[in-house]
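Given these sequences and hints, build the entire structure.
Protein chains: 2
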Amino acid sequence: MTRVLVVDDDPAIVRALVINLRARSYEVDSAQDGAGALRTAAAHHPDVVVLDLGLPDMDGVEVIRGLRGWTRVPILVLSARHASGEKVQALDAGADDYVTKPFGMDELLARLRAAVRRAEPAGDGGDVVVETAGFTVDLAAKKVHRDGKDVRLTPTEWHLLEVLVRGGGRLVAQKQLLREVWGPSYGTETNYLRVYMAQLRRKLEADPSHPRHLITEPGMGYRFER
Amino acid sequence: MTRVLVVDDDPAIVRALVINLRARSYEVDSAQDGAGALRTAAAHHPDVVVLDLGLPDMDGVEVIRGLRGWTRVPILVLSARHASGEKVQALDAGADDYVTKPFGMDELLARLRAAVRRAEPAGDGGDVVVETAGFTVDLAAKKVHRDGKDVRLTPTEWHLLEVLVRGGGRLVAQKQLLREVWGPSYGTETNYLRVYMAQLRRKLEADPSHPRHLITEPGMGYRFER
DNA sequence: CAGGTCCTTGACGGAACTCTGACGCGCGGG
DNA sequence: CCCGCGCGTCAGAGTTCCGTCAAGGACCTG
Numbered sequence: 007m008t009r010v011l012v013v014d015d016d017p018a019i020v021r022a023l024v025i026n027l028r029a030r031s032y033e034v035d036s037a038q039d040g041a042g043a044l045r046t047a048a049a050h051h052p053d054v055v056v057l058d059l060g061l062p063d064m065d066g067v068e069v070i071r072g073l074r075g076w077t078r079v080p081i082l083v084l085s086a087r088h089a090s091g092e093k094v095q096a097l098d099a100g101a102d103d104y105v106t107k108p109f110g111m112d113e114l115l116a117r118l119r120a121a122v123r124r125a126e127p128a129g130d131g132g133d134v135v136v137e138t139a140g141f142t143v144d145l146a147a148k149k150v151h152r153d154g155k156d157v158r159l160t161p162t163e164w165h166l167l168e169v170l171v172r173g174g175g176r177l178v179a180q181k182q183l184l185r186e187v188w189g190p191s192y193g194t195e196t197n198y199l200r201v202y203m204a205q206l207r208r209k210l211e212a213d214p215s216h217p218r219h220l221i222t223e224p225g226m227g228y229r230f231e232r
Numbered sequence: 007m008t009r010v011l012v013v014d015d016d017p018a019i020v021r022a023l024v025i026n027l028r029a030r031s032y033e034v035d036s037a038q039d040g041a042g043a044l045r046t047a048a049a050h051h052p053d054v055v056v057l058d059l060g061l062p063d064m065d066g067v068e069v070i071r072g073l074r075g076w077t078r079v080p081i082l083v084l085s086a087r088h089a090s091g092e093k094v095q096a097l098d099a100g101a102d103d104y105v106t107k108p109f110g111m112d113e114l115l116a117r118l119r120a121a122v123r124r125a126e127p128a129g130d131g132g133d134v135v136v137e138t139a140g141f142t143v144d145l146a147a148k149k150v151h152r153d154g155k156d157v158r159l160t161p162t163e164w165h166l167l168e169v170l171v172r173g174g175g176r177l178v179a180q181k182q183l184l185r186e187v188w189g190p191s192y193g194t195e196t197n198y199l200r201v202y203m204a205q206l207r208r209k210l211e212a213d214p215s216h217p218r219h220l221i222t223e224p225g226m227g228y229r230f231e232r
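Chains as they are written, first to last, in this note's numbering: chain A, 7 to 232; chain B, 7 to 232.
These aren't lab readings, by the way, just hints derived from the structure by calculation.
SDA-like, lysine to any residue: derived pairs with alpha carbons at most 25 Å apart: (1) 155(A) x 207(B); (2) 209(A) x 223(A); (3) 155(A) x 223(B); (4) 107(A) x 111(B); (5) 107(A) x 100(B); (6) 181(B) x 156(A); (7) 107(B) x 46(B); (8) 209(A) x 199(A); (9) 209(A) x 231(B); (10) 148(A) x 177(B); (11) 148(B) x 174(B); (12) 107(A) x 38(A); (13) 148(A) x 136(B); (14) 209(A) x 175(B).
Distance windows between CB atoms, simulated: (15) 223(A) x 126(B): 45 to 55 Å; (16) 156(B) x 29(A): 50 to 60 Å; (17) 152(A) x 109(B): 55 to 65 Å; (18) 48(A) x 201(B): 44 to 54 Å; (19) 89(A) x 204(B): 51 to 61 Å; (20) 181(B) x 89(A): 40 to 50 Å; (21) 193(A) x 201(B): 31 to 41 Å; (22) 24(B) x 111(A): 34 to 44 Å; (23) 153(B) x 111(A): 50 to 60 Å.
Here are some chain B residues the structure puts well away from chain A; computed CB gaps all over 10 Å: (24) 16; (25) 22; (26) 42; (27) 85; (28) 134; (29) 138; (30) 146; (31) 155; (32) 156; (33) 160; (34) 185; (35) 215.
Idealized CB from N, CA, C, for every residue including glycine.
This is the structure we're talking about:
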């Protein structure tokens with residue numbers, strides 16, 4: 007879940023933002039001044055900060071600098087000032103975006119999504135790793151590990167394993183496996199399945215002739231068991 | 007030097023932007039329609055795109071999607087439309103910022119700097135320096151070290167290595183490598199990959215014919231292993 | 001304009017992968 | 001008892017994919 011820190015000295019605005027963000031299932035912290043903002047950010051490590059510039063205790067740009075001293079978290083500045091000098095100052099201090107009040111909630115949320123989106127690392131879709139007693143499958147890296155070594159799979163072997171693992175322990179029908187791996191017109195070539203399941207077992211199972219994870223359900227299909 | 011692509015159908019705006027950007031020693035390309043924008047982006051690989059939404063030949067959001075299909079280059083949208091719906095659409099399609107016309111040049115430049123700044127350093131995974139048993143890659147300095155000496159890489163070799171290293175051990179598909187290094191229309195020219203992978207191995211691997219770090223996964227792609 | 005670097009392109013041998021047919025085994029039914 | 005069926009196993013043929021080399025052309029630099 008994405009964690010947002012909202013900083014504004016106007017309770018009405020904080021309330022409006024918190025309600026809107028929570029409704030979209032963000033996790034929200036809030037602060038009403040610069041010192042509180044820096045403290046909360048350090049304690050909770052938000053994924054994005056929405057920061058009003060007109061705080062009672064310190065200049066908004068100082069808050070930005072305080073954050074930038076130790077984190078690259080996206081900062082979305084909120085301000086009543088339209089003067090371009092203010093904007094330039096805030097942006098050059100390290101802010102990522104600048105929205106003038108009054109703002110449209112739709113727009114603010116869209117800018118927030120944009121800021122969060124580009125902050126997440128490039129290819130990393132969150133490592134999806136599935137472990138069994140005998141081996142480990144990393145769906146994101148397309149890697150299979152066994153006994154401390156990498157196992158090399160051919161494209162077809164990998165594709166087949168992937169469909170089975172994504173099935174999450176449920177039975178996957180032969181026809182479905184064939185269609186997903188070989189294409190829609192291969193729904194009956196069950197011998198392909200036999201050959202490639204055997205190869206997978208040889209590479210992954212401790213005892214290939216008595217598989218514990220790549221299970222045959224006679225007459226129906228196959229199942230991946232952890 | 008930072009390379010900017012300016013896209014607008016109004017020559018006056020293009021001229022104003024080009025002059026201002028060149029004066030600040032940016033390298034500037036320009037295009038007047040969506041097709042030209044996509045073509046130029048593919049050919050020149052800009053570091054940031056300034057994109058007008060009101061283009062004659064195609065919808066601006068389509069241009070954004072076209073770019074996002076193969077690159078994460080920052081996109082700064084310029085538009086005469088103030089409606090929040092437009093903004094939300096553009097931002098959710100993958101734009102990084104949205105400025106309404108008429109705009110202040112100071113502000114635009116500040117937003118541009120912000121966009122470039124947060125795109126520059128490597129992802130927040132941490133280390134910009136990646137070490138292997140045989141060589142060291144410094145992603146920030148764009149340098150490769152081996153046996154105490156700098157290794158000289160051509161621009162294409164570096165670009166390819168960079169994409170692989172950024173993958174962080176994950177498999178990178180051939181098509182993705184080709185699109186990121188050579189551009190979106192080169193998705194099938196796999197012979198480029200063969201040639202340049204061989205050159206990288208010759209320069210980096212102890213035994214180029216038995217690579218330990220630049221691994222081929224036949225039929226799927228390549229992987230950088232530390 | 002000469003020399004160098006870099007990118008592109010084609011060709012070829014060898015390696016890796018997919019497909020295919022054949023055979024064995026266990027099971028249930030004719 | 002024999003046969004058909006589904007599944008596992010094996011090995012070889014055919015095809016695709018990869019590494020390597022070398023030549024040509026574009027581009028920059030002095």
